[in-house]
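Q: Counting with our numbering, you get residues 1 to 478 for the letters of the sequence shown.
Hints were generated in silico from the structure; no laboratory data involved.
Honestly, I wouldn't trust all of these hints.
[Claimed, not checked] Think about it this way: if two alpha-carbon atoms lie no more than 16 Å apart in a straight line, the pair counts; the simulated EDC-like pairs of lysine to aspartate or glutamate are:
#, residue 1, residue 2
1, 78, 111
2, 117, 396
3, 319, 111
4, 477, 439
5, 258, 248
6, 118, 167
7, 411, 396
8, 423, 362
9, 174, 362
10, 205, 240
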Amino acid sequence: MSREDYEIVIGLEVHAELSTKTKIFCSCKTAFGGAPNTQVCPICMAMPGTLPVLNEKVVEYAVKAGLATNCEIERNSKNDRKNYFYPDLPKSYQISQYDKPLCIGGNIEIETSNGTKKIGITRIHIEEDAGKLNHDDLGGGSLVDLNRAGVPLIEIVSEPDMRSAEEAEHYLRKLKSILEYIEVSDCKMEEGSLRADVNVSVHKKGEAFGQRTEMKNMNSFRSIVRAIDYEANRQIDVIEAGGEIVQETLRWDEVSGKTFPMRDKENAQDYRYFPDPDLVAIKLSEEYIEHIKNSLPELPESRKKRYLEEYKLSEKDAKIITSSKYLSDLFEQAGEISENIKAVGNWIISDISRILNETETDPIAIPFDAKQLAELVMLIDKGTINSSIGKKVLEELFENPRSPEEIIKEKGWIQISDEGAIKEVVLKVLEANPQSVADYKAGKDRALGFLVGQAMKETKGKANPQMLNKMFVEEMKK
């Protein structure tokens, strides 16, 4: 059979670290990057006799995420103990939620090459993160850092509704965007704030779903797409060779581009869930849920629709800008400061997006602010620099952010708009290119572009291109 006879089935379990100031069951800080074991206390280190107290903000953020993804909010919920041993899990159990999660039955709408599709969300529940093992390759051992132990998470479990790596990527990007907009997580994938467990299975079309495998803790869109494609093809090869797929947890190796077995996949009964006796039930009032619903900010779809109507952006451009809250905020703030939102949009859609893609940088990591982008736009509008110099200034803003005016003075990039200086360059270029002059006079308009290009080369890109065009035409008409 060919690969076209198989269908891929994908489900994602997405873990998002919540942007609370303190951990889920204690008052320790959640800041990223602290020295090992400096953000810990007897509670998150699981010392005997300590008792957890639920952080109310965690519940609020989880409900926000549920409402933003069209979930039903459970009025009566609880915390459960999920039992398993791992060196960086100090209690030997994780406090999570089992049969009564906070949010159930939502969905997200995604745009794919085949049109719009709804991806179901089974549940969203709260839980605590584990610590981290720092492996010492030289010493041959591992050190435990418990700074991350007890950091609050929401786990967003999708239905197995995705049928390609493309759909999985679109779903994850849309989910990331929503979480950013409602400001419950910074979603910094490089810091592990957003990571996904990827479940993949294949089956022959028309037959029952196949056995799934799971790839844990993936935090890169590119890796997730590659891993899904590889794992689906691997499973098809196994089936075609007469073998069977084993339910197991896999590790994705970015260098080799392959998956490797880690352990057999656990089932719910392996975790021996039971209600946590140290925590009271979570009961939410209608007024509480309504208050959170009314406090939800503008979501990506709503903002996109507003951009189409208010700024007359194209569907494609509005989608690019609103795909990230950070890009969208940059667009609005820089547009307001510069009073030229169209130019700001063009910079974001073209050069800024290109640099972000080339460097695989998340918009949240853009090193300059709206004021600096607005200043760049205003310098071009005033004629201080041209757009080609503007591109160089933008590169500098990414490398070493500071005032664009400071950059152009430091680099000597101020545009030449002096008529006498430009006329001198124009006459020099005309004298050196008599054939181009003859071509222009013979009706070949492309010759003018060549001459302007030569003049820009002569002035190292600093001449005012509008003045060059006008002066070349005037001189050649004489």
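Q: Does each hint fit the structure? Answer for all of them.
A: Now for the hints, and whether the structure bears them out:
Between the alpha carbons of residue 78 and residue 111 the distance comes to roughly 35 Å, so the proposed pair goes past 16 Å and is violated. Distance restraint check for residue 117 and residue 396: the Cα-Cα separation of roughly 40 Å exceeds the 16 Å cut-off, and the hinted pair is therefore not satisfied. For the hint pairing residue 319 with residue 111, the CA-to-CA distance comes to about 10 Å; that is within 16 Å, so the pair holds. A C-alpha spacing of about 13 Å is found between residue 477 and residue 439, which places the hinted pair at or below 16 Å, so the restraint holds.
Simply put, residue 258 and residue 248 have alpha-carbon atoms about 15 Å apart, close enough for the 16 Å limit, and the pair holds. Using a Cα cut-off of 16 Å, the hinted pair residue 118 and residue 167 holds, with the two alpha carbons roughly 10 Å apart. A hinted pair counts as satisfied when its Cα atoms are at most 16 Å apart, and residue 411 with residue 396 qualifies at roughly 10 Å. At roughly 45 Å between alpha-carbon atoms, residue 423 and residue 362 are farther apart than 16 Å, so this suggested pair is violated.
Only pairs whose Cα atoms come within 16 Å are accepted, and residue 174 paired with residue 362 is accepted, the gap being roughly 14 Å. Between residue 205 and residue 240, the direct Cα distance comes to roughly 14 Å. Compliance with the 16 Å bound is thereby established for this hinted pair.
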